[in-house]
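Chains A and B are the protein sequences, given in the same order. Residues 1 to 373 (the numbering used here) are what the first sequence spells out, left to right. Residues 374 to 850 (the numbering used here) are what the second sequence spells out, left to right.
Careful: at least some of the hints might be erroneous.
As the list claims (entries may be wrong) - Once the Cα atoms are required to be at most 20 Å apart in a straight line, the calculated DMTMM-like pairs of lysine to aspartate or glutamate come out as:
1. A/Lys139 - B/Glu818
2. A/Lys249 - A/Glu288
3. B/Lys678 - A/Glu179
4. A/Lys139 - B/Asp446
5. B/Lys678 - B/Glu667
6. A/Lys249 - A/Glu179
7. B/Lys599 - B/Asp671
8. A/Lys139 - B/Asp816
9. B/Lys625 - A/Glu73
10. B/Lys387 - B/Asp405
11. B/Lys540 - A/Glu55
12. B/Lys540 - B/Asp622
13. B/Lys442 - B/Glu407
14. A/Lys139 - A/Glu8
15. B/Lys540 - A/Glu179
16. B/Lys625 - A/Glu8
17. A/Lys139 - B/Asp825
18. B/Lys540 - B/Glu601
19. B/Lys625 - A/Glu179
20. B/Lys387 - B/Asp446
21. B/Lys599 - B/Asp508
22. A/Lys139 - B/Asp806
23. B/Lys678 - B/Asp611
24. B/Lys625 - B/Asp685
25. B/Lys625 - A/Glu79
26. B/Lys387 - B/Glu407
27. A/Lys139 - B/Glu789
28. B/Lys706 - B/Glu645
The set of hints was computed from the structure by calculation and includes no laboratory data.
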Amino acid sequence: MSEAMRPETEQDLAEAIGSAKGPLALRGGGTRGVGRPVAGQVLDTGGIAGIVLYEPGALTLVAKAGTPVAEIEAALAAEGQRLAFEVPDWRGLLGSEGQSTIGGVVAANASGPRRVQAGACRDAALGVRFVDGGGTVIKNGGRVMKNVTGYDLVKLMAGSRGTLGVLTEVALKVLPAPEAMASLCVGVEDAGAAVGAMSAALGSPFDVSGAAWRPGRGVLIRVEGFAASVAYRAGRLEALLAPFGPVEKVDAPEAVAAEWAAVREVAPFHDRAGDVWRVALKPSDAAEAAARLGGDVLLDWGGGLVWALLPDGTDARAALAGIGGHATLMRASAETRARIAPFPPEPAPLAALAQGLRARFDPRGILNTGLMA
Amino acid sequence: MDLPSPNPAILARKPAILARLRDVLPSDAVIDDETETRAYECDALTAYRCPPLAVVLPRTTEEVAAALKVCHDEGVPVVPRGSGTSLAGGALPTGDAVILGVSRLNRVIEADYANRFVHVQSGRTNLSVTGAVEDEGFFYAPDPSSQLACAIAGNIAMNSGGAHCLKYGVTTNNLLGVRMVLMDGTVVDIGGPWMDAPGLDLLGLVCGSEGQLGVVTEAWLRILPKPEGARPVLMGFDSSEVAGACVADIIKAGVLPVAIEFMDRPCIEATEAFAHAGYPMCEALLIVEVEGSEAEIDEQLGLIKQIARRHDPVELREATDAAEAGRIWLGRKSAFGAMGQINDYMCLDGTIPVSALPLVLRRIGEMSQEFGLDVANVFHAGDGNMHPLILFDANRPGDLERCEAFGAEILKLCVEVGGCLTGEHGVGVEKRDLMGVQFDGADLEAQMRVKDVFDPGWLLNPAKVFPLNVSAGRRAA
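In isolation and in its complexed conformation, chain A is listed as follows (with noise of 0.2 Å):
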């Protein structure tokens, strides 16, 4: 097996995808490998990396894909602002080592708890270049918020995971962080009261960034913002929530930073045994859907993204069947993801169309061939 790839320019690996001789393993970090096993010459993107443009004033940071999550991450608190979607850190999760790229996240859709109200990577992705199958350097979008001008192949590249091509650059829109945070945690257990809980706080005028429901622990509200907003918000919420349950505040910090990091990481399925899957329904089914899968259960998006672990090799579609929505297995072994489709299997007209998209995008099929398979 050859070395790894690493170019350095965008020009470089699109001469590296140009010429490619079989298929390629795509790698940005290496901590969020989802999907089928994937054959093929590692192709690195960390050496196309830096941060080319940040203008606080404008909301802006443009950074090359390979630029490592933590340094915009530094570079964006230095000024008080953050990524609003809440980059998660999957390696406990998944068990992988490695330093996340900002191009791996997009590439993921990465989102953590806020995006029930912040939205997801794909909401913040303002415009992306990137090298396609065929070696073609192409960019859409920009570097503004406002941009309907021609189609949107952002929103495609987001959540494409190398398939489509592989990004080189990319433009976000960034937002204030807050001077002071709250959370709030209502002692239930039940998971259809959690999603009632969790249903009425985002409901509420109070502007909720995090609904989640950790059993054992309780339904976890969080509120961001100016102090006195927060102290409002987080009295007005403890006596909205006080007939689901007791309710406990949280106002230092640390402590709810501590909170909502177990929340985003799934801390309580770290170093356990079993299989990881990752399901996106209606709120309101989240309940019914945790009966019928039957193993621990974390719920976040107020109830519309249930996290689930099972026993290994476990084909949760199967459970889950009249349920609308979808299922993702996360964390498996290589043959039980050989075995059980990784991604969705959709319906056969929008098949045809993501498979018509990746023989235009990927025409030899080489770029991290089958993952989403």
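Let chain A serve as the given structure and place chain B on it in line with the hints.
Positioned in the frame of chain A, the structure of chain B alone reads:
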């Protein structure tokens, strides 16, 4: 601006095509009477008109599919239409095209407050979507100024924005799913009342695709709880540079207003003459609005005023009640009407990085002298979306052409400073021929590949978005 010539073979087969459409649709859903089809010869880009071959107004997804199958079989181009409010010619037909209007698909199918979504038929107007959920304390956030009339279908086609989009995003950030009919009649559901795409983000691709990938008949939309309240503050400055610096400082201070509107002197003067809102006569005016409880609003406005004072405003006016808030907004909301009273005008919507505003305004002022046409500027200062309003006289020969040439130079400047051709209205026909300013051949080819997949025959709205010479090889002869 050129349109492809109508295909004579289609024109020759018109009676047969109409008969086939009438075979599969209720009789009142197919219109070919000349006076009736005239209503569909243009949208809000009224400078360009062309009567279509026929108009089809289905009431169900099945009828849409049946109509598309006939047109697909006959090789007839189809131009989808919501309410026809497009400012870019998105619904402008060619003489051989069938207009497929979705305005009769206007029901609310389901409003689900616990799960915070509303499921509607796509012909429903934008404002009436909020209308359907506001009694329960919810609203649908994207609010283009045409929202009384514009349809969700059009909002999805153009990825429409609105005053609320700095805080709440545009249509694509509030769209959960669509039911769409492909040109061959296949019905697909993309997304639904849950978050994130299962695989490729086809929903994100469809939004903003200007009716060229399919006809959306239903949509699942995110609804949000209404904030407790909102209040504006008005600030006048003696230069656009200072106004721009003030905006940057407000954002850097961590305040996220729900709207930041900028107007320049020509706009202020015309608006004041028309609406008498009591605006200060100054170089640049900002209206900033924040949301929350009374106390939260007070805190945010306190910070904003403190920041504004550091920039020596010539006027600083906070609304103390709803009537004053109404007066602060009155001028801004009347601005386009005020300009229209003076003159015909062309409204552009190029976007620029917010830091480039002073430079761009200076250059627009210089170009105004060169072209001999006056310009007034409205600007969404939070997100960089400009609305230069170029005044011209439609009755004076050559004025429209001069106005378009001036507009093209402004849009090229927007791209030059790192922005884009269109922030809200879409490409349609209006900016089609400028696409090469923003994109190179490979960029356009990548976008056209997407249409090749969804509509291999290039029958859906084929004369839009891509310059005609660039798309020639793909379109029907």
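Hints, one by one, checked against the model:
This hinted pair checks out: A/Lys139 and B/Glu818 have alpha carbons roughly 11 Å apart, not beyond 20 Å. Between A/Lys249 and A/Glu288, the direct Cα distance comes to roughly 29 Å. Violation of the 20 Å bound is thereby established for this hinted pair. Proposed proximity of B/Lys678 and A/Glu179 is supported: the alpha carbons are some 19 Å apart, at most 20 Å. Distance hint between A/Lys139 and B/Asp446 is unfulfilled; the C-alpha atoms sit about 35 Å from each other, more than 20 Å.
Only pairs whose Cα atoms come within 20 Å are accepted, and B/Lys678 paired with B/Glu667 is accepted, the gap being roughly 16 Å. For the suggested pair A/Lys249 and A/Glu179, the alpha carbons sit about 17 Å apart, so the restraint of at most 20 Å is met. A distance of roughly 18 Å separates the Cα atoms of B/Lys599 and B/Asp671; the hinted pair therefore holds under the 20 Å criterion. Taking the CA atoms of A/Lys139 and B/Asp816, the gap is about 6 Å. The hint holds against a cut of 20 Å.
A hinted pair counts as satisfied when its Cα atoms are at most 20 Å apart, and B/Lys625 with A/Glu73 qualifies at roughly 16 Å. Note on B/Lys387 and B/Asp405: the hinted pairing holds, with a Cα-Cα distance of about 10 Å set against a maximum of 20 Å. Between B/Lys540 and A/Glu55 the CA atoms are separated by roughly 18 Å; this keeps the pair inside 20 Å, and the hint holds. Using a Cα cut-off of 20 Å, the hinted pair B/Lys540 and B/Asp622 holds, with the two alpha carbons roughly 17 Å apart.
For the hint pairing B/Lys442 with B/Glu407, the CA-to-CA distance comes to about 24 Å; that exceeds 20 Å, so the pair is violated. Straight-line distance between C-alpha atoms of A/Lys139 and A/Glu8 comes to about 19 Å, which keeps the hinted pair within the 20 Å bound. Annotation: proposed proximity of B/Lys540 to A/Glu179 holds, straight-line Cα distance about 18 Å (limit 20 Å). For the suggested pair B/Lys625 and A/Glu8, the alpha carbons sit about 33 Å apart, so the restraint of at most 20 Å is broken.
About 19 Å separates the Cα atoms of A/Lys139 and B/Asp825, which keeps this hinted pair within 20 Å; it holds. Annotation: proposed proximity of B/Lys540 to B/Glu601 holds, straight-line Cα distance about 15 Å (limit 20 Å). Our distance criterion of 20 Å between C-alpha atoms is met by B/Lys625 and A/Glu179, whose separation comes to about 12 Å. Simply put, B/Lys387 and B/Asp446 have alpha-carbon atoms about 14 Å apart, close enough for the 20 Å limit, and the pair holds.
This hinted pair checks out: B/Lys599 and B/Asp508 have alpha carbons roughly 10 Å apart, not beyond 20 Å. Simply put, A/Lys139 and B/Asp806 have alpha-carbon atoms about 19 Å apart, close enough for the 20 Å limit, and the pair holds. With a C-alpha separation of about 16 Å, the suggested pairing of B/Lys678 with B/Asp611 holds against the 20 Å cut-off. As the CA atoms of B/Lys625 and B/Asp685 are separated by approximately 18 Å, the hinted pair is consistent with the 20 Å bound.
For the suggested pair B/Lys625 and A/Glu79, the alpha carbons sit about 8 Å apart, so the restraint of at most 20 Å is met. In summary, the hint linking B/Lys387 to B/Glu407 is supported, as the alpha carbons are separated by about 13 Å, within the 20 Å threshold. A threshold of 20 Å between alpha carbons decides the hint, and for A/Lys139 with B/Glu789 the separation of about 15 Å falls inside it, so the pair holds. Proposed proximity of B/Lys706 and B/Glu645 is supported: the alpha carbons are some 12 Å apart, at most 20 Å.
Against the hints set out earlier in the document, violations occur for numbers 2, 4, 13, 16.
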